[in-house]
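Chemist: Protein chains in written order, with the numbering used here: chain A, 1 to 362; chain B, 1001 to 1307; chain C, 2001 to 2517.
By construction, these hints were calculated from the structure, which means they are not laboratory data. All of these numbers come straight from a predicted model, not from anything done at the bench. All C-beta atoms in this analysis are idealised placements derived from N, C-alpha and C, irrespective of residue type, glycine included. Just to be clear, a hint being listed does not mean it is correct.
Stated by the list, open to error - Residues on chain B that point at chain C, a partial pick, calculated with CB under 10 Å:
(1) L1158
(2) T1161
(3) R1162
(4) V1166
(5) R1168
(6) A1169
(7) N1173
(8) F1175
(9) P1183
(10) I1187
(11) P1296
(12) A1297
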Amino acid sequence: MRLRLEKRLEPSRKMLILTPVLSVVAIMVLGIIIFDGLGYDGPQAVWELFFTPVLDVYKWRDVATKAAPLIIIALGLSLSNQAKIWNIGAEGQYIVGAIAAAGVAYSTQSVTGFWIIPLMVLAGMLAGAAYAAIPAVLRTRYGVSEVLSSLMLVYVSLQLLSYMITGPWKDPNGHNFPQTAQLTAAQILPHDLLGSGIPPGLLVALLAALIFYIIVSCTVFGFSIRAIGEAPHAARYGGFRSDRIIWATLMISGAMAGLAGVFELMQLSRLNLGYPSGYGFTAIIVSLLGRSHPIGVFIAGLVLAITYVGGQVAQTVVHVPNATAGLFQALLLFAILASDLLVRYRIRLSFKGDIAAKRSVA
Amino acid sequence: MTITFILDALITVIGITTPILLAATGELIVEKSGVINLGVEGMMLVGAIAGFAVTFETGNPWLGILIAMVSGAVAASIFGVMVLSLGANQVATGLALTIFGIGLSSLIGSNYVGIAIDPLDSPFPDTLALDTFWRIVFGHSPFVYFAVFLVLATGFFLNKTRAGLVLRAVGENDFSAHSIGYPVIRIRYLAIAFGGAAAGIAGADFSLVISPLWAEQMTAGRGWIALALVVFAGWRAGRLLAGSYFFGVLMALELYAKASGFAILPSQFWAAMPYLIAVIVLALLSSRDGKGGKAPACLGKPFIPNG
Amino acid sequence: MGAINRLELINVTKRFPGVLANDRVSLTVNPGEIHALLGENGAGKSTLVKMIYGIQAPDSGSILWEGKEVRINNPRAARRLGIGMVFQHFSLFEAMDVVENIALGLDGSVSRQALNAEIRGVMDKYGLKLDPRRQIATLSVGERQRIEIVRALLLNPQLLIMDEPTSVLTPQEVDELFKTLRRLASEGVSILYISHKLHEIVALCDRATILRGGKVVGTCDPRQETPRSMGEMMIGSDLRDPARGQMKVEGTVRLSVTNLSLPKPDDFGVALDNVNLDVKGGEIFGIAGVAGNGQNELLEALCGERLSSAADVIKVDRIPVGQFGPTSRREVGLCAVPEERNGHAAIGTFSLADNATLTARTRIGFATQGFIDQDGADAYAAKVIQTFAVKTLGPNSLAASLSGGNLQKFVMGREILQAPSVLVVSQPTWGVDAGSAAFIHQALIDLADKGSAIIVISQDLDELLALCDRLSVINLGRLSVGRPVSEVSVQELGLMMGGSHGGWTTPAMEGDHAAKA
Chain A
1 MRLRLEKRLE PSRKMLILTP VLSVVAIMVL GIIIFDGLGY DGPQAVWELF FTPVLDVYKW
61 RDVATKAAPL IIIALGLSLS NQAKIWNIGA EGQYIVGAIA AAGVAYSTQS VTGFWIIPLM
121 VLAGMLAGAA YAAIPAVLRT RYGVSEVLSS LMLVYVSLQL LSYMITGPWK DPNGHNFPQT
181 AQLTAAQILP HDLLGSGIPP GLLVALLAAL IFYIIVSCTV FGFSIRAIGE APHAARYGGF
241 RSDRIIWATL MISGAMAGLA GVFELMQLSR LNLGYPSGYG FTAIIVSLLG RSHPIGVFIA
301 GLVLAITYVG GQVAQTVVHV PNATAGLFQA LLLFAILASD LLVRYRIRLS FKGDIAAKRS
361 VA
Chain B
1001 MTITFILDAL ITVIGITTPI LLAATGELIV EKSGVINLGV EGMMLVGAIA GFAVTFETGN
1061 PWLGILIAMV SGAVAASIFG VMVLSLGANQ VATGLALTIF GIGLSSLIGS NYVGIAIDPL
1121 DSPFPDTLAL DTFWRIVFGH SPFVYFAVFL VLATGFFLNK TRAGLVLRAV GENDFSAHSI
1181 GYPVIRIRYL AIAFGGAAAG IAGADFSLVI SPLWAEQMTA GRGWIALALV VFAGWRAGRL
1241 LAGSYFFGVL MALELYAKAS GFAILPSQFW AAMPYLIAVI VLALLSSRDG KGGKAPACLG
1301 KPFIPNG
Chain C
2001 MGAINRLELI NVTKRFPGVL ANDRVSLTVN PGEIHALLGE NGAGKSTLVK MIYGIQAPDS
2061 GSILWEGKEV RINNPRAARR LGIGMVFQHF SLFEAMDVVE NIALGLDGSV SRQALNAEIR
2121 GVMDKYGLKL DPRRQIATLS VGERQRIEIV RALLLNPQLL IMDEPTSVLT PQEVDELFKT
2181 LRRLASEGVS ILYISHKLHE IVALCDRATI LRGGKVVGTC DPRQETPRSM GEMMIGSDLR
2241 DPARGQMKVE GTVRLSVTNL SLPKPDDFGV ALDNVNLDVK GGEIFGIAGV AGNGQNELLE
2301 ALCGERLSSA ADVIKVDRIP VGQFGPTSRR EVGLCAVPEE RNGHAAIGTF SLADNATLTA
2361 RTRIGFATQG FIDQDGADAY AAKVIQTFAV KTLGPNSLAA SLSGGNLQKF VMGREILQAP
2421 SVLVVSQPTW GVDAGSAAFI HQALIDLADK GSAIIVISQD LDELLALCDR LSVINLGRLS
2481 VGRPVSEVSV QELGLMMGGS HGGWTTPAME GDHAAKA
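Can you make the complete structure from the sequences, with help from the hints?
Modeler: See below:
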C-alpha cells in the first residue's frame, strides 16, 4: 500500500481556506511536543504563546500594535507575490522608510504644524518605493533576480541605519547611545486616534486592506497582476506589460513597507539599533499564510502578532528562550507551504503500485 | 612592514573567503540540478551551532565538523521534501529554511552564548609555517584546504564525469532526463543534501575558526553572498573560486577599516560594500549577454512527473 | 524466432484521474514489421508507447517480449531489452552538444572518442549527416530528430518506437526518413510507427492498429485500405468536409503588412525578415512552414505582443497599428489566437470568465475605467460556451479543466465573437479531435464569409489546402508571396518549406529559397 497523489481538476477552494487554519493547529500540536522535548511545560507554553494574548484584554493593544506593520507590509507583498515577484527585501524598504521619516523629524525638531506628520508619511513611502525601485530597475533592465538584489539591499539599509544613528543624527542628549532624538509631539500621531482605543497603525492597516481588496477583486490592474503571475506570456498576449507590473508591484510593496516603517517609528518614537525588528521578513509569512488575499492577510497579521506577544509571555511565564517565536513562525511557514499540496492534489491510498514494483525485469 | 602587512591581509582574506566558497560550491551543485535553495544562510547557521555545540561538549572539533555537515544536510533535506516531494514553491521554502535556521540556531545557541573555544589550527606542523610567507601556504585552518579541494573536485565532477553530465542534464531539461530514464527527483535530493552538507561545514568554519564562539546570526548574511556568487560565476566552478576571493577582499576591507581607521569613509560603508558590489556586479554581468554564463534551464521550476 | 512475436500486448489498461487512457489494448508486432499505431489526438497512442518504453506502468494487462512476459520498470530496462524510442517532443538538452546528448541516452560510460567513432559509424551506414560537436540549440528540428534516431540506433534496437516523427518535417525530409525506416525493417528491426497521418501510413506500414478513445477498434493492412476508410475507423463517423460558401467577390484589403522585420526575440528564436502580405476581406490566407521558422514570431508581431519599427508597417483597414499594443489593436479590430493554448492563448488556473476578460474586455466592453464588470465577463463567457458548444460546467470552470479540443473551441470562440475585422490564428486545430476541428474550420469560413480577413498559420498542409484561398510559405523568418491554392502543388510547397533546411533533403535543395517567386 502506498500514498498516491491525484491532481485535482480544479484547486479546492475549501482547502484554500482550511489549510492555513490546519497549519496553525498543526503547529500548536507540534509546539507541545517540541517544548516537552526541550523540558518545558509544553501545553502551558503553547497556551501562553497562542491563547493568552487573545484572552487577556490588556494584551490586545500589544497585539494590535505588532499586527499593524505586519499587515501593512504584507498587503504590499501580497500584490507582488501574486505577480510572482519575490520582494524579500521588504525589511530594507521598511528601514529606509523609517530613516526618511526620521530625516523629516530631524529637520522639523523645532517647528510644529499639522503638515509634519503627512510629510513624514510621504517621505517614508517615497523612500520605501525608491528603495524597491532598485531591484525593479535591475530586474526589468538587466534581468537580475529581484530575490537576491532586494535581499542584499537589506544589509545595506542596516548599515545606513547604523551610520545615521551613530553619526549625523545621533541624539546629543542620548548619553552617547546610538539613537536619534525622541520625536516631538507634532511628529507622533496620538496613540488613541478618534478615541477608538485602536492604535492608528491598525486603522491604517484596516483601510489599506479594504483598498487592496477592491484593487485585487474588481480592477483591471488587479487582474493584470494575477495574469502576469500565472502566465506571463498569456498576460502579454492579453495586452499587459510585465515590466510595468514588476515596477508597479515592487513600488507599491516598497511604499507599503516604508509606510509601516513610519508608523513603527512613531510607535517607538526614535530610531535605535533595536529598530530593525524583522517585520519585513515576518510579513512574507503573513502574506503567504493569508493566501495573498487582503482579508486573509489581515487575519494572518493578527495571528503572527499573537505569536510575537505570546512569545514574550511564554518567555516570562514558562521561561522558554526568546528565539521560540521566530522558530514557530518558520514552522508555520513550512506547514502552510507543505499544505498547499492539499489544495492542488487529492491524497489517495493505492494498493496496485506495490504489486507492480515487486516484479521487475532482469 | 608593507610586505608583512600584505601577507597578513592575504591570510585574512583567505580565511574569511572560505565559508562563502564552501557554501557557494554546495549551492552550485544544487542549482546545476535545477533547484534553487535560498536557505543557505539558515543551513550555515544550523551548521555553525551544531559544530560549536558538539565541539564544546566533546572537545573534538572533527566530530563537530562532521555533525555540522550532517545537520546542514538534514536541514537541506527538509527543504528537499518540501519542494521535491510536496511540490512547494522553491523561493518561499528556501526563505522558510533561512528563517527556520535562524530560529533553531538561536534556540539551541541560547545555552552557548558567551563561551569561547580554541580555534581550530592548521593541519600542518607549526615548523612549516614559521614566517609569514610560509604561513600563506601552510598556516590555514583545514577548512581552507578543504574548500579549495571541494571547488576543484566539483569542477572536475561537473565537466569530466558521467555523473556530472547526468546532473547537468537533469538541471537542463528535467522532462527529457525523466523520459530517457534518469531518476530526476532522486538526483535532486542528493544534490540538495550535498548543498546542505557544504553549507553546514561553512557554518562550522564560522563558529570553530573565524570567530570561535556562538553568536546569534553570526553568519551575518554571508549565505546570501554565496548565493549571489553562484550567479556571478555563471554556474562555473573555476569562476566561483576567483569570485569568492574577490568578495573576500571586499569583506576584509571592513575588518581593516574598523581596526586601523585608515578609511576616510565610515566603517558602515565598508560593511555595506560587499552587498553593494554584489548588486552592481549582478547588474553588470547580466547586461553583457552571454558573458555572464547561462543558468540551468530548469532552475527553480518544479518537476512533477505525470503518471 | 519466426513464429514468435517480437512484442505482444495483452489487455493493457491505464487509467488517469478522470480518463481511461488505454482500455484492454492488445496488439502484436512481428520482427521486421513496420506497424502503425493510428489514432486521433487523445486516443491513447502516446500513453501506450510510454508503457512499452517503461516511462509509465500499466494498471493491468501484460507485455510480452519475444514471447516472454516482462515488466518494464523504466526506460533503462526497455533499452536493455532492445527497445528504442524517438520522442515526439524530443528528449534533448539544448545547452549541450550532440555527443553529450547521445551519451546521455546510452547506459554505461563510453569514452568520448569511442563514442565519436560509433556515432560516425551509424551515421555513415544510414546516411544521417550530423556534426557531433554542435550545440543542440543551433540545430534545426530535422537535425534534432536525427540525433534521437542515431541515439536509438547505437543501442542496436530490435524495436524502434517512432512517436509522430513527421509532424515537424518537410515532405522531402519525410521521404528520407521513410527510406531509413524501410532499410531498418529490412534488417529485421521492428518499427512501431505512431501517427494520425493516413497517407503516410498507407505509404510506409505493413500493418495498422487503430485506437479510438483508448480502445483498439480495428487492425488492418493499410495497403488494402484507403486513407478515407482508415480515417473513418479512426474517427468513428463519416468524415465531413468543411462547406465553403463561394465568396469570389473579393473585398478591399483589410490587413496589409509592409516590410516587417524584427530581430530574434531570444537565442532560440527566429528573426522576421522583410515580411510583406495583404489580406482582403472575405479571404483566408494560409501560411505553411516547418515548425520554428518564425511562425510564433510572426503571430506575436501581428497581434501586438512585439511592436513594429514603425506604425505603418502594419495597417488594419488603413489604420497604422504597428506601434499599438495588443489591446489597442483589438480595439481597431485585429484579434489573434496563438498556437500554444496553455499559458499563451489561455491561463489554465483562471476561470473561463477570467480568460474572456483576458482578451475581450475592451472590445466587448465589460471593463471600463479600469474596473471589471464581472457579470459582463460571465455573460460573454457563457455566450462563447453556448455558441461554440464548449463542453464545460460554465463560466466559472477553470480553463485547465477543459479538454484540449474544448479549450481550443473556447479560445477561438472568444476571438471570433468579437467580430474581428482581421483574425490571425496559428495551428487552429493542433491536438484537437476531428469533430472540434471541423467545427473550428467551419467557424473560420463563416467569419470570412461575413467579410473578415483571416490568416491561418499551420504546419498541416491538408488543413491549409482545404481551408485557404491563397497560400504562402514561411521559412527562416521569410515569407513567400501568396499564391492561389489552385496553383500550388504539395511538392512545390514542400520544396519551399525545405528552403535552406538541410535535413533529409538532397544537396541540390540546399539554399534553394523558392520563396521569392
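Chemist: Now look at each hint and say whether the structure bears it out.
Modeler: For each hint, the structure was consulted:
1. L1158: This interface hint is violated because 12 Å lies over the 10 Å limit.
2. T1161: Interface hint status for T1161 of chain B: holds (9 Å vs cutoff 10 Å).
3. R1162: holds, 5 Å
4. V1166: holds, 7 Å
5. R1168: Constraint on R1168 of chain B satisfied, holds at 7 Å.
6. A1169: Holds: closest Cβ of chain C sits about 5 Å from A1169 of chain B, inside 10 Å.
7. N1173: holds, 5 Å
8. F1175: holds, 8 Å
9. P1183: Cβ of P1183 of chain B sits 8 Å from chain C, so the hint holds.
10. I1187: violated, 13 Å
11. P1296: holds, 8 Å
12. A1297: With Cβ-Cβ at 7 Å, under 10 Å, it holds.
Of the numbered hints listed earlier, those contradicted by the structure are 1 and 10.
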